[in-house]
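> If you want the building blocks of each chain, they are given just below.
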Amino acid sequence: MDSAPKRAKRLESAISFCLLAVLFLIAVGLFLKQSDSDMGRFGIYTAVPGLSSQKSEGNGPETTLGTLAPTGFEPLSEPQAYTEENLYEKINGKAPLYIESGFRKLFTQRFVSKDDQNLWMELFLFDMGTAKNAFSVYSVQRRPDAAPMSSVEDRKGGQTMQFAYKTTNALYFAIDKYYVELVGSAESQELLEAMLAIAGKIPAQLAAKDTEIAELRLFPQENIVPDSFKLHSAGVFGFEGLTDTFTARYTFDGSSLTAFLSRRQNAQDAQLVAESYYKFLINNGGVDKPLINKNIEAKVVEFYGTTEIVFTTGPFLAGIHEAQNQQTAEKLAEMLINKLKEVAN
Amino acid sequence: MDKQNNKKPVGRREFLRWAGKAGISIAAASTVSYLLYDATGPQPHRPADDLVTLPDFSVKQQPGRTMSIVKGSDRVKTVDKAIELLGGIERFVKPGETVAIKPNVAFASPPMLGATANPQLVAEVVRLCYGRARAKKVIVTDNPINDPASCFTLSGIGKAAEANGAKVILPKPHLFKHTTLKGGRLIKDWPVFYEPLAKADKLIGIAPVKDHHRSGASMSMKNWYGLLGGRRNIFHQDINTIIAELAMMVKPALVILDGTEVMITNGPTGGSASDLRRTNTLIASTDMVAADCCGCGLLNLRVSDLPYLAKAASAGAGTTDYESLKPKFATIS
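Residue numbers (the working numbering), protein chains in the order written: chain A, 1 to 345; chain B, 1001 to 1333.
Hints are not guaranteed to be accurate.
Said to hold, decoys possible - Straight line, CA to CA, 30 Å or less: simulated BS3-like cross-link-like pairs of lysine-lysine:
id, chain 1, residue 1, chain 2, residue 2
1, A, Lys6, B, Lys1008
2, A, Lys33, B, Lys1172
3, B, Lys1188, A, Lys33
4, B, Lys1172, A, Lys105
5, B, Lys1159, A, Lys114
6, B, Lys1182, B, Lys1159
7, A, Lys341, A, Lys294
8, A, Lys6, B, Lys1021
9, B, Lys1159, B, Lys1136
10, B, Lys1177, A, Lys33
11, B, Lys1172, B, Lys1188
12, A, Lys339, A, Lys294
13, A, Lys9, B, Lys1021
14, B, Lys1311, B, Lys1060
15, B, Lys1167, B, Lys1199
In short, the hints are calculated from the structure, not lab data.
Go ahead and model the full structure; you've got the sequences and the hints to work with.
What follows is the structure, given as structure tokens:
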């Protein structure tokens, strides 16, 4: 007959023990976390003051980078791997550029000539997560006067790479989700040959597919400056709201101007960002100007002696940046609008 | 059910007793929580006596001999001339003194990339210290970003220094001490590469002029970043303040800013020879703010483009109006 109160008492006891157990676990968790707290973030009692660490986890592509050594070269040092946490230990102030663009990991490996210790190179293999991210860091750092790495002798039996160039001491390319740099210690033909040999092997080694960036086909080809495409991840033209934006440079009658476009989530989002960008220009000293070309719909702003244009076509936010001449800017804007309409149709 | 229904109802007195106990429990828990709550977070609790202050290595100012700018492509000749225009190395280093040279050895990269101080330049300053100034000892030291031994080896600075009799000191944990910058916001109880400087009588900084993705430019003030220990990258979030505080913390005898070839883009690491541009300028100064203000012009930057310059100047580290110092000019053909 007294089973109900007993059951209630047992239930209360069970709940109490559960609560006590949870509190105990929280206390243990707090204790462990506190003993493991990173006081170095506060500059207080760092375990090893002044010295940072470089981490190589040994479970990524770096395990096979040593096998890329070309004929006459050998690994100079152990391969190293860097995460977002310690990327700055390798590239210092340039780390934010990569991290803001979706950086996952960096693998590095140095190779040295067996005949001349002064001839060495370093391979930087950035895993950027996606092909677009890899293209972004490739494009914003592209040396403007560098030679494209597309000739037959540059391929060394490897596949053609669309986004690749070489300077007198280095090779740079983006393939699949990887951005790759091969930096030589000197301007040497022997080094350059060795770097090309490594570059030729990398796509197969990483099972990487060639990069295809669809947005680049949306830019008009007439008067475009070759290899001038860039993909900016954030803060484009100083405006925080403008993200993931492609740009391309053009020349008309000797003057240079930039076209830009960004695919937004939908047409409404594109319009909102376009309006915000227009207000940003006006709030920072821009002056609204009437359109000369009545065939297009766009906002025109005179901005400290240059012309800025912004418009939307469907989900695309696009425009012209830093044009010396309003008529030329509107001409290029019309070309871009027509190109985007082709795609939309 | 009957038992439950027949349960004796709670009386007013008993209810008040329970409520009182519950109230006392809640009040006690709240009081303990309040007393234990740390509103400010972890604070340095190092005894003030354990904190160090970097020595003041500055030399007496001489009007008209604060800054020199020498044009030329041969660093050995331009640095000789630049120092001569300020009164010669003897003004900065006295016989028998120990000199610490702090070049920028941040990266394990070859000299041709200009990401680190030029080894020939470092070698010549070592020679000047031992030769004309008759220094007792010259040490060359830095706490690089990459592996220190690789940085000193691959940059060529280690070999250049040792070949001319200098001692290279690599960072080791016991060489760091904590410091707090008076009036500083970021440098509080922070480890600095102290021991090599504590034993020195004079400090000379040698830095290349470089583009810098985060700060805009890396020159003589940014070079002192290499004296910080710990997870110093967190200061990148407030790069202008930390550079200004470094200029307040470090008082060198002389800074040498190498603009013979500047890294015009893709800094601070660069990577391609095409990132460099020959500007054939070498600056020596006892005012590092002034030196950097002059150097930023080599990167096509204005003083206003680099907020840390004005911050350092307003903190008393130097002047942004370097022309007011009437710098001495020379050209080496």
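> Compare the structure with each hint and give your call.
Tested hints:
1. A/Lys6 to B/Lys1008: Roughly 17 Å separates the two Cα atoms, so the pair holds.
2. A/Lys33 to B/Lys1172: holds (28 Å)
3. B/Lys1188 to A/Lys33: Holds. B/Lys1188 to A/Lys33 sits at ~24 Å (cutoff 30 Å).
4. B/Lys1172 to A/Lys105: holds (28 Å)
5. B/Lys1159 to A/Lys114: Holds: B/Lys1159 and A/Lys114 sit about 21 Å apart, inside 30 Å.
6. B/Lys1182 to B/Lys1159: violated (37 Å)
7. A/Lys341 to A/Lys294: holds (17 Å)
8. A/Lys6 to B/Lys1021: holds (25 Å)
9. B/Lys1159 to B/Lys1136: Cα-Cα ~20 Å, so holds.
10. B/Lys1177 to A/Lys33: Distance of about 27 Å is within 30 Å: holds.
11. B/Lys1172 to B/Lys1188: holds (21 Å)
12. A/Lys339 to A/Lys294: Holds: A/Lys339 and A/Lys294 sit about 18 Å apart, inside 30 Å.
13. A/Lys9 to B/Lys1021: holds (21 Å)
14. B/Lys1311 to B/Lys1060: holds (23 Å)
15. B/Lys1167 to B/Lys1199: holds (13 Å)
The structure shown violates just one earlier hint, number 6.
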